[in-house]
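Put together the whole structure using the sequences plus the hints.
If you want the building blocks of each chain, they are given just below.
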Amino acid sequence: MSQGFIDFWQTIYRNKKAFSGMIILAIFIFMAIFGPMMASLDMTVNFDGRYKSPSFAHWLGTDYGGRDTFLQLVYGSRDVLSIGLFAALFTLVLGFVIGAVSGFVGGKTDTVLMFITNLFLTVPSFPVLMIVAALVQIKNPVMFSFILAAWSWAPLARAIRSQLLSLKNREFIIACRIMGLKTPYILFREILPNLTPYLAINFIMAAQGAIVASVGLMMLGLAPYSPTNWGMMIQLAVQNTGGIFNPKGYIYLISPIMCLGLFQMACIFFSNGLEEALNPRLRS
Amino acid sequence: MSLKGVLKRIGVSLITVFLAMLLTFFLLRMTPGSAIDTWARDFATQRGMSLEEAYRQITAMINYNPKEPIFTQLGRYLGGLLHGNLGMSMIYQNVSVNEIIANALPWTLFVLSVSLVISFLIGINLGAMMAFKRKTVLDPIISIYAILTSSVPNFIVGILLLVIFAFQFGWFPVNGAYDPIVEPGFNLPFILNVLYHGALPILTYVITTIGTWALTMKGSAVNVLGEDYIVAASIRGVSERTLMSRYVKRNAMLPLITTLAVNFGFMLGGSPLIENVFSYPGMGYYIGQATQQRDYTLMQGLLLVTSIAVILANLASDLIYAKLDPRVKLEEG
Chain E
1 MSQGFIDFWQ
11 TIYRNKKAFS
21 GMIILAIFIF
31 MAIFGPMMAS
41 LDMTVNFDGR
51 YKSPSFAHWL
61 GTDYGGRDTF
71 LQLVYGSRDV
81 LSIGLFAALF
91 TLVLGFVIGA
101 VSGFVGGKTD
111 TVLMFITNLF
121 LTVPSFPVLM
131 IVAALVQIKN
141 PVMFSFILAA
151 WSWAPLARAI
161 RSQLLSLKNR
171 EFIIACRIMG
181 LKTPYILFRE
191 ILPNLTPYLA
201 INFIMAAQGA
211 IVASVGLMML
221 GLAPYSPTNW
231 GMMIQLAVQN
241 TGGIFNPKGY
251 IYLISPIMCL
261 GLFQMACIFF
271 SNGLEEALNP
281 RLRS
Chain C
285 MSLKGVLKRI
295 GVSLITVFLA
305 MLLTFFLLRM
315 TPGSAIDTWA
325 RDFATQRGMS
335 LEEAYRQITA
345 MINYNPKEPI
355 FTQLGRYLGG
365 LLHGNLGMSM
375 IYQNVSVNEI
385 IANALPWTLF
395 VLSVSLVISF
405 LIGINLGAMM
415 AFKRKTVLDP
425 IISIYAILTS
435 SVPNFIVGIL
445 LLVIFAFQFG
455 WFPVNGAYDP
465 IVEPGFNLPF
475 ILNVLYHGAL
485 PILTYVITTI
495 GTWALTMKGS
505 AVNVLGEDYI
515 VAASIRGVSE
525 RTLMSRYVKR
535 NAMLPLITTL
545 AVNFGFMLGG
555 SPLIENVFSY
565 PGMGYYIGQA
575 TQQRDYTLMQ
585 GLLLVTSIAV
595 ILANLASDLI
605 YAKLDPRVKL
615 EEG
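Protein sequences appear in the order of chains E and C.
33 is the number that my numbering gives to position 33 of the first sequence; each next residue is one higher, with no gaps.
Just so we're on the same page, my numbering is the position in the second sequence counted from 1, plus 284.
Note that these hints are calculated values from the structure, not bench results.
Take these hints with a grain of salt, some might be off.
As the list claims (entries may be wrong) - Computed list of chain C residues with no C-beta within reach of chain E, every gap over 10 angstroms:
#1 Ile294
#2 Val379
#3 Phe456
#4 Val508
#5 Ala516
Claimed, not checked - Reference excerpt, derived from the structure (chain C facing chain E, CB under 8 angstroms, subset only):
#6 Asn387
#7 Val436
#8 Ile571
From a predicted model like this one, the values you see are computed outputs, not experimental measurements.
Ideal placement from N, C-alpha and C gives every residue a C-beta, glycine not left out.
Right, here's the structure in full:
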């Protein structure tokens, strides 16, 4: 292991925020990957077992249909996390390519690309997402992520462009150009590694944003493909089961909310910590 | 600020508005043809007319005919927009999209502007205090508060407030903008009733935005505190109170004014979630209804008006900032 890597882990470890955020994220990732393998979720309706309070058999009780709430959370985490993962990946690719090309090539390309970016920045994205979700039937997390990413790359592209403007006049890039290396090579082999820390932080923020947006869309009933997604659980709790009218349904309503809040907080903590760990100027 | 810069900004905004129109046009074109066919069939049986006649009337009503060539469609759509005609709603019978927007827009503007003003005023004062008294407990408390409120999405805060204050305690109404028993108009019972119904949505926005305002203000105020003129003023013997209100707060507020308009646009975009939680009949509530019930004309009308509002808010923020801070030149950036 290289010295830089060890330093990096030490900084994360020393930073209380980053470390706690990382632990929580790791638990969620573990839950999403291995949880569904360890226990199977039975979604058949069982009216006798409705609204059970927490017990050893049902850790968080049962929902309006007698299904185990905790297991639904575990199964839902897989869906929620894969939306976050894919959406962040798509956002990063779109944002990096558009921002980097715009900043590196400059001239007319820059003007056109930045005009498009500004357009995406000014048109309110959530209403557009709602309408796209109404027009296109969302059937799986990958497709969902792509739609989410299509409306969230713009701020990143702008930030990457301004980074590129300062990077492109640095000596090593000028050397590459003099050697006659092709633009894609310079962008991906020389510039990308220099922006890795920045992209890593944005990856987490993009995942976090995408998850909020996806939960919002699900809560409005616009992407009803998975009943265990946390957003869908909130929607079912609010609209179908009387989670808000019936105090017995409170645990079913609160559990996905708590999970979502914890996950979001972990993302914020971890990305703040990463920023401090990767940006030596912020270390105090 | 130069006239050329202002005109350029306005020009860019106009082009963006035009592109937003194109975008809504293409969204409308994605309407499945079957939706119009079904509607025409229902219309024909209801009014007892032939299917062709019903189809003709409906395409006139929504100003869109999928059977025409695309440029005719575009011309027809843009022509309609120039006359301020957004077509008829598909689910609310005999109501035009214009009427729905005219009824919904004031509610959204009311809730957004009241909550923005409240959270801005509280936020900047908290932020200035945080910057001034850095060794007190205020700073960590507000920092934690800001992290908590930014990790829980605002619509979830809305649901929790609804469950606690409207269902559990019954202190606030569950839906609507006012009770049908009060007479709309400029009278005290109506105003009180509107405030009563708007209280929870406003509280939701305020709770979720105060933390960010306070932190941004703190950052800005800390920068201002390091300026020479502040040191000079305190050496001159200007009292701490005056220093805070007249010197620091005013200057630290400047960059936040720009964020004010941007935030307005951001909140407008997020309003569908809050307004649907509280069933508050604003723009966002109707976007939610239109998308859930596949009312394509209403969707595109609402999206267009929301986009124009956001574009105008951004334009306003640029112009106001340039006016407030003479150091900013509009040509840049």
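Evaluated hints:
no.: 1; hint: Ile294; result: holds (14 angstroms)
no.: 2; hint: Val379; result: holds (20 angstroms)
no.: 3; hint: Phe456; result: holds (13 angstroms)
no.: 4; hint: Val508; result: holds (21 angstroms)
no.: 5; hint: Ala516; result: holds (29 angstroms)
no.: 6; hint: Asn387; result: violated (18 angstroms)
no.: 7; hint: Val436; result: holds (5 angstroms)
no.: 8; hint: Ile571; result: holds (5 angstroms)
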